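Assemble the complex: chain R is given as a structure, and chain B must be docked to it using the hints.
If you read the sequences in order, they're chains R and B.
Position 252 of the first sequence, counted from 1, bears residue number 252 in this note's numbering, the numbering being contiguous throughout.
Position in the second sequence (first residue = 1) + 1000 = this note's numbering.
No lab work stands behind these hints, which were simulated from the structure alone.
Remember, it's a predicted structure, so these values are computed and weren't measured experimentally.
A virtual CB, placed ideally from N, CA and C, is assigned to each residue, including glycine.
Errors might be hidden in some of the hints.
Rough simulated footprint, nothing fancy, chain B against chain R, three-plus residues with beta-carbon under 8 Å [to be verified]:
1) 95-106
2) 116-129
3) 165-178
4) 303-316
5) 323-335
Protein chains: 2
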Amino acid sequence: MDWETVKSRLDALLEADKKAELRGALRMLNRVDVAQYLSELDTDKMLKVFRLLPTEISSDVFSYMDDDQQEKLIATIGDQEICRLVDDMFIDDAVDFLDDLPSDLVKKVLENVSPDTRRVINRFLSYPENSAGSIMTIEFCAFPGGYTVAQAMKEIRRTGLDKETINTLYILDAEGRLQGTLALRKLISADDDVPVQNLMETSFVSVGTLDDQETVAETVKKYDLLAVPVLDKEGRVVGIITADDILDVMQEEATEDIERMSALTPSDDTYMKTGVFELVKNRLPWLVLMLVASIFTGLIISHYEDKLILSAVGVALIGCIPMIMDTGGNCGQQSSTLIIRGLATGEVEPRDAVRVLWKEARVSLLVSSVLAAVCFVIQYFIFRVGTPDSRLAICLTISASMVCCVLFAKILGGLLPLGVKALKLDPALIASPMITTVADTCSLLILFALATAVLL
Amino acid sequence: MDWETVKSRLDALLEADKKAELRGALRMLNRVDVAQYLSELDTDKMLKVFRLLPTEISSDVFSYMDDDQQEKLIATIGDQEICRLVDDMFIDDAVDFLDDLPSDLVKKVLENVSPDTRRVINRFLSYPENSAGSIMTIEFCAFPGGYTVAQAMKEIRRTGLDKETINTLYILDAEGRLQGTLALRKLISADDDVPVQNLMETSFVSVGTLDDQETVAETVKKYDLLAVPVLDKEGRVVGIITADDILDVMQEEATEDIERMSALTPSDDTYMKTGVFELVKNRLPWLVLMLVASIFTGLIISHYEDKLILSAVGVALIGCIPMIMDTGGNCGQQSSTLIIRGLATGEVEPRDAVRVLWKEARVSLLVSSVLAAVCFVIQYFIFRVGTPDSRLAICLTISASMVCCVLFAKILGGLLPLGVKALKLDPALIASPMITTVADTCSLLILFALATAVLL
Chain R
1 MDWETVKSRL
11 DALLEADKKA
21 ELRGALRMLN
31 RVDVAQYLSE
41 LDTDKMLKVF
51 RLLPTEISSD
61 VFSYMDDDQQ
71 EKLIATIGDQ
81 EICRLVDDMF
91 IDDAVDFLDD
101 LPSDLVKKVL
111 ENVSPDTRRV
121 INRFLSYPEN
131 SAGSIMTIEF
141 CAFPGGYTVA
151 QAMKEIRRTG
161 LDKETINTLY
171 ILDAEGRLQG
181 TLALRKLISA
191 DDDVPVQNLM
201 ETSFVSVGTL
211 DDQETVAETV
221 KKYDLLAVPV
231 LDKEGRVVGI
241 ITADDILDVM
251 QEEATEDIER
261 MSALTPSDDT
271 YMKTGVFELV
281 KNRLPWLVLM
291 LVASIFTGLI
301 ISHYEDKLIL
311 SAVGVALIGC
321 IPMIMDTGGN
331 CGQQSSTLII
341 RGLATGEVEP
351 RDAVRVLWKE
361 ARVSLLVSSV
371 LAAVCFVIQY
381 FIFRVGTPDS
391 RLAICLTISA
401 SMVCCVLFAK
411 ILGGLLPLGV
421 KALKLDPALI
431 ASPMITTVAD
441 TCSLLILFAL
451 ATAVLL
Chain B
1001 MDWETVKSRL
1011 DALLEADKKA
1021 ELRGALRMLN
1031 RVDVAQYLSE
1041 LDTDKMLKVF
1051 RLLPTEISSD
1061 VFSYMDDDQQ
1071 EKLIATIGDQ
1081 EICRLVDDMF
1091 IDDAVDFLDD
1101 LPSDLVKKVL
1111 ENVSPDTRRV
1121 INRFLSYPEN
1131 SAGSIMTIEF
1141 CAFPGGYTVA
1151 QAMKEIRRTG
1161 LDKETINTLY
1171 ILDAEGRLQG
1181 TLALRKLISA
1191 DDDVPVQNLM
1201 ETSFVSVGTL
1211 DDQETVAETV
1221 KKYDLLAVPV
1231 LDKEGRVVGI
1241 ITADDILDVM
1251 QEEATEDIER
1261 MSALTPSDDT
1271 YMKTGVFELV
1281 KNRLPWLVLM
1291 LVASIFTGLI
1301 ISHYEDKLIL
1311 SAVGVALIGC
1321 IPMIMDTGGN
1331 CGQQSSTLII
1341 RGLATGEVEP
1351 RDAVRVLWKE
1361 ARVSLLVSSV
1371 LAAVCFVIQY
1381 FIFRVGTPDS
1391 RLAICLTISA
1401 SMVCCVLFAK
1411 ILGGLLPLGV
1421 KALKLDPALI
1431 ASPMITTVAD
1441 TCSLLILFAL
1451 ATAVLL
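Chain R extracted, bound-state conformation:
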């Protein structure tokens, strides 16, 4: 059944006010889909349908709803209901939800949850934004190493239903420090009286509470984990981060990189939810910076202008400005993009500079030869620039500039991100528009310098 059919059936039940049937129908849907259905209703209907949800799924549905709707709900429903909702949510979802809530509503929520939940939430809210601590969940299973398989199984049966993932179990020493990990599948295949520490894997991978979420994502990806334990400074397990949460982190980080590469300050929110002033603030500083840079590029033209407009050759060169600027910029951008992405995925490192230089130099020679040839053919045979006497000299000069520009732009594009990374800055910052601006300016300088020497 496709989504439109599902929706129209639910709409019909809602319209006819058949509450029991609607509740039954909602039970059959995945909770993410229930949240999506709610997001397509107006506020009154949304509240009405939300109240109909069976209690065991309403917390889950709530955590999949978007921020605006969560806010509207919290503002409307009673204190008791808030308390139940938040107490039933996974802690990381509850913290996410509170992070985006206006402070008066946060207060209202915290006053109504159980003291245990409040204490945990407060601790989470104190971790720095985007740290492992702020995205972890505390729902995991851990046992002392001395437990037997039977004891561990009993403990899991008692508490396991609340745990976000019990695929991996964590074995602790007497001080609560992580000693090893144990796959649940190994536990359930083992004999009852074996101590769990005899089964555990000691070469486990972990992250610290203060590690950046990007580091966590890299670790999880590198070691193909479904969950990674988060340790405090003393080596005690305080939470875990599961691979499905890492998917969100990776998407966020990729978006940030892409935005920086297009000279945008990354936004905390998605495009549709970001206000006009916020968008302006994220774009304007970069544009002003590049505007000023390009005004200086213009100075190069002005500098040569007097010479250019005095001769037919010079006038022909003015028409080449866009071509030489664009090609230099585009070549630089291609190289810098590959290197920046290589740095982000860990495949390229600053110490690879010589290999990058050698590779880009060879690529540039091949690329620039073809571009120079194309450019020569168009200018000489099709546009027939300049006068018949000067045509060959002009076209050769332009093609020679083209080779120099491509070589320069590609090597600059390849090496500059490595330099920026070596300085511990984010290479994405100097991508595309930055490289383009520098490559533009230098390309014009090359063209005019060469032309002045040869032609004017």
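Same frame as chain R, but now just chain B:
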């Protein structure tokens, strides 16, 4: 202990030829780290160390090694060893490995594995590249709905150790079609004689064998899954895809998007492993295309040239070419990047065109006013362009062109990707350099048209 210390200790043991100790030390490491250590050795040493690995970890280590090293190993080791290695690997890892192997070695491997493995591998190799079928694994647990909890637990104990993830169990009907899913944690907390179908969740999410890996990634992300079942046309479960494999897919897809956005044909391999000719092939067609486009942009200048060089006003305008071109291009790129990313993450859709238009129009007005003011101040008070008589008119014309260019570029950048998406093409294709080229050309047209009307 940091990686350098670990490495130097292993090196010392290898140097001193202390085989037993080295084997013991390698046992203490995570398998990903063992593979990394091997990758830093020359071929002879790598082979020597690989032979030392305890058999129970060598397949795992092998699947984490990079393609070149896997190839070297396979070419050197005996048929028996190949057979054991590949039989012990998870099927998805084995298929990955075979995908990158030269065909003579694939033949050698397939001749040596067990008939069962060979049949499965052959089926996998027949799924289209990047389809769900090609990245799934067949290691999962499934039971008929009539099984009791006790029967299911017994079955898991018997086979569970081989399964990649048993966090979620799959319940089948008599024809082998998926009826529902069951979390292992629910199973182990239930009473022995309950039929598993009484415990299962029927609103599960699944993907088809032929679905693109990008669709699979979106599904896993949307529903926060740790594993998704892959169904054939008849609805039978043929495999599962786990969240850790989706992390690789997401990284690949983000890299592809970023490369397309910088006018590069995405490469199958990472930068360092892509040959010079392959790099040239991925870059050159786009550069030639944009070169030709920019030559036409140059025609705009040539068209107005005669008028421009005859007056002081016109000559002043030539110096503005880089500024107006760059600003138009940069503004267009910013908007298109946000929209393309919004389309990729599913937040923006083609039907949002009017909202995007309205948003970009307001942003452009604010942004362009500031840019025009900055530009006016610099041109009028600092550079003092043109003659005293014409200065105000020139500067106002340039600033007015700036407002028009920004408005045009941002709206184009916002709407063009939506149009491309509506045509079912990849919006990333028309990003940055494409938008930049179009915006450049139009910006120059706007500047010269306005200047001709007002000044010349």
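Going down the list of hints, with the structure as the test:
no.	hint	verdict
1	95-106	violated (count 0)
2	116-129	violated (count 0)
3	165-178	holds (count 3)
4	303-316	holds (count 3)
5	323-335	holds (count 9)
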